[in-house]
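Student: Could you put together the complete structure from these sequences and hints?
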Amino acid sequence: MLLELAHVEVRYGAIRALQGISLGVDEGELVALIGSNGAGKSTTLRTISGLLRPTHGTITFDGADITNASSERIVARGISHCPEGRRIFGGLTVAENLRLGAVSRPRSAAAGIAEDLATVLELFPVLKERLDQAGGTLSGGEQQMLAIGRALMSRPRLLLLDEPSLGLAPLMVERIFATIAELKRAGRTILLVEQNVHQAFEVADRAYVLETGRVTLEGPADALRQDPKVEQSYLGAGGIAVVS
Amino acid sequence: MTDYAIQQVVNALSAGSLYALMAVGLAMVFGILRLINFAHGDLMMIAAYLAVFSIGAGLSLVASLPIIIVGTVIVGLLMERVAYRPLRGAPDVAVLLSSFAVGQILQNGTLLVSRLADRPQLIAFPSPDLLNGVVTIGAITVPKVNLASFVAGIVLLGLLTLFVTRTNLGLSMRAAAEDLSSARLVGINVNRVVATAFAIGSALAAVAGVLYSVQSGQINPYMGFTPVLKAFIAAVIGGFGSIAGAVVGGYVLGFLEVLVTSLAGIGDLLPAGSVSPEVRQLLHDWLPSGLASWRDAVVFVVLIIVLLVRPQGILGRRQQGDEG
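Chains as they are written, first to last, in the numbering used here: chain S, 1 to 244; chain E, 1001 to 1324.
Everything labelled a hint here was simulated from the structure, so no lab data went into it. Check each hint, because a few of them may be wrong.
Residues from chain E that face chain S, not an exhaustive set, calculated with beta carbons under 7 Å [stated by the list, open to error]:
#	residue
1	T1167
2	N1168
3	L1171
4	S1172
5	A1175
6	E1178
7	D1179
8	S1182
9	R1184
10	L1185
11	V1186
12	G1187
13	I1188
14	N1189
These numbers were taken from a predicted model, which means no experiment stands behind them. Ideal Cβ positions, reconstructed from N, Cα and C, are used throughout, including at glycine.
Tutor: So this is what it looks like as structure tokens:
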């Protein structure tokens, strides 16, 4: 496994937000993390990237223990986190946002950084037209593209995507999922948190279902999709599960 | 009239430069940490004392400048490491109180050192020849130190602009000021960025401290209080947390103060016949002595108006995405 969480527990004060989670992501896999609000999906991602410290358990990445590593070390090791709500630097230009995505890379990587910038701009041509524009002036969908582009600029070995479709217009949701599928085809390893369970199952290889800080179900996405419990709780009778 | 006006504009630019140099340091730190570092003014004071000691030791101002700046930067970095970094994540009030404590320690420490050195509490500042006297261009006479303040302000703020727009570290600083946890997620080393903000702020405060001391002619351990308060106002008027806002606020404050004080002389400067003698008499009676002493009151009134009309400041943006 490229990434492995073993019995990870995270507390917010007295509340145990994660109650001993174990999960893994293999090289080249797209793994979805689903569950309702407050189940601990974002907390899991924030813990992996070092923003939160587990009180228990271990996180290993590519064989190395990163449980207590600082965020900048984790990014430098190859994990990039595209946070919920996009969180781009609104007062900085699109070009500056992308440049900062590569800030963890050494000076000697300049050629590789230029290469990756070209790749990102090819993936999201609209960003190319807006390079000198402040990030905050972009539309929600464009900001999401910028957030993903920024995350890709560190040339991550693992990409964490937190609710990339949240709050976007349906057409833009399609566009973002098409991008995720494209990234997967290109061989990227992705851990995806989504409330849009239908779409997540479309692109994912495997999935974990989180409930109040525990993994309650796991397996191949195709199998989970058929699971009556998943169907009832997350897919809904009418098939509309886009709630936030 | 025009000469008088130009002279006052130069004065305003000079005062504004000092406020801007101070306000930028406050704004950089506040932007990242939400900390109002009231000990920032005491860095000016430290710089002034370092200047007195190194000039007193026979060094020229130019030769002592590196000592003054490096010394002040070391104090600024120590301040961050000892008093603020351990409190990262603590409630804002705790860190604010810590900044008052740091200020007190620096003031009393300086007092102690100057007692031990058998120096009085109030020390005359040995104005270097370089900054003494005036420059006369045509009918305009400007004190050299005012010109130096203006030039120093423009040059240093220009360099700072290049730093925050061209270098990765500078961009990281702006990014951290916008969204600290996003900055962490792209791999920015927050400790390094914070230390950089303190170092730059201290260096700018050092230069401002020397120029301020030349202007006032004397120094004491408590001299940092008024400047830091003014810098704070400048930063709030401009838009707290934004570097550009601090610069704009600094110059606005400089112009405001000079405007209020220089209006005192306006009654005598109006061309003959432009106003009736009664008005002229009224201006003469009320403005001169009256206005200059109202300077700070006017500044605070403007501050209140800004807070009422545009709470985010001239260049400030409303806070967004602050939940993380």
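Student: Each hint should be assessed against the structure and marked as holding or not.
Tutor: Now for the hints, and whether the structure bears them out:
1. A hinted interface residue such as E:T1167 counts as satisfied when its beta carbon comes closer than 7 Å to some beta carbon of chain S; here the least separation is about 10 Å, so the hint is violated.
2. Taking 7 Å as the C-beta cut-off, the interface hint given for E:N1168 holds, the closest approach to chain S being about 6 Å.
3. At its closest, the beta carbon of E:L1171 sits 6 Å from a beta carbon of chain S; the interface hint therefore holds under the 7 Å criterion.
4. The interface hint given for E:S1172 is met, as the beta carbon of that residue sits about 6 Å from the closest beta carbon of chain S, less than 7 Å.
5. With its C-beta approaching chain S no nearer than about 5 Å, E:A1175 sits inside the 7 Å limit, and its interface hint holds.
6. Given the 7 Å rule on beta carbons, the hint for E:E1178 holds: about 5 Å separates it from the nearest Cβ of chain S.
7. Because the smallest distance between the Cβ of E:D1179 and any Cβ of chain S comes to about 6 Å, under 7 Å, the interface hint for this residue holds.
8. The restraint placing E:S1182 at the interface with chain S holds, with a minimum CB-CB distance near 4 Å, inside the 7 Å limit.
9. For E:R1184, the shortest C-beta to C-beta distance to chain S is roughly 4 Å, which falls under 7 Å, so the interface hint holds.
10. Because the closest C-beta pair between E:L1185 and chain S is about 5 Å apart, less than 7 Å, the hint holds.
11. Using the Cβ-Cβ criterion of 7 Å, the hint placing E:V1186 at the interface with chain S is satisfied: the shortest such distance is roughly 5 Å.
12. With 7 Å as the threshold, the beta carbon of E:G1187 comes within range of chain S, its nearest partner Cβ sitting at about 3 Å, so the hint holds.
13. Hint on E:I1188 holds. Least Cβ distance to chain S is approximately 6 Å, under the 7 Å limit.
14. A cut of 7 Å between beta carbons decides the hint on E:N1189: the least distance to chain S is about 5 Å, and the hint holds.
When the structure is compared with the earlier hints, a violation turns up for hint 1 alone.
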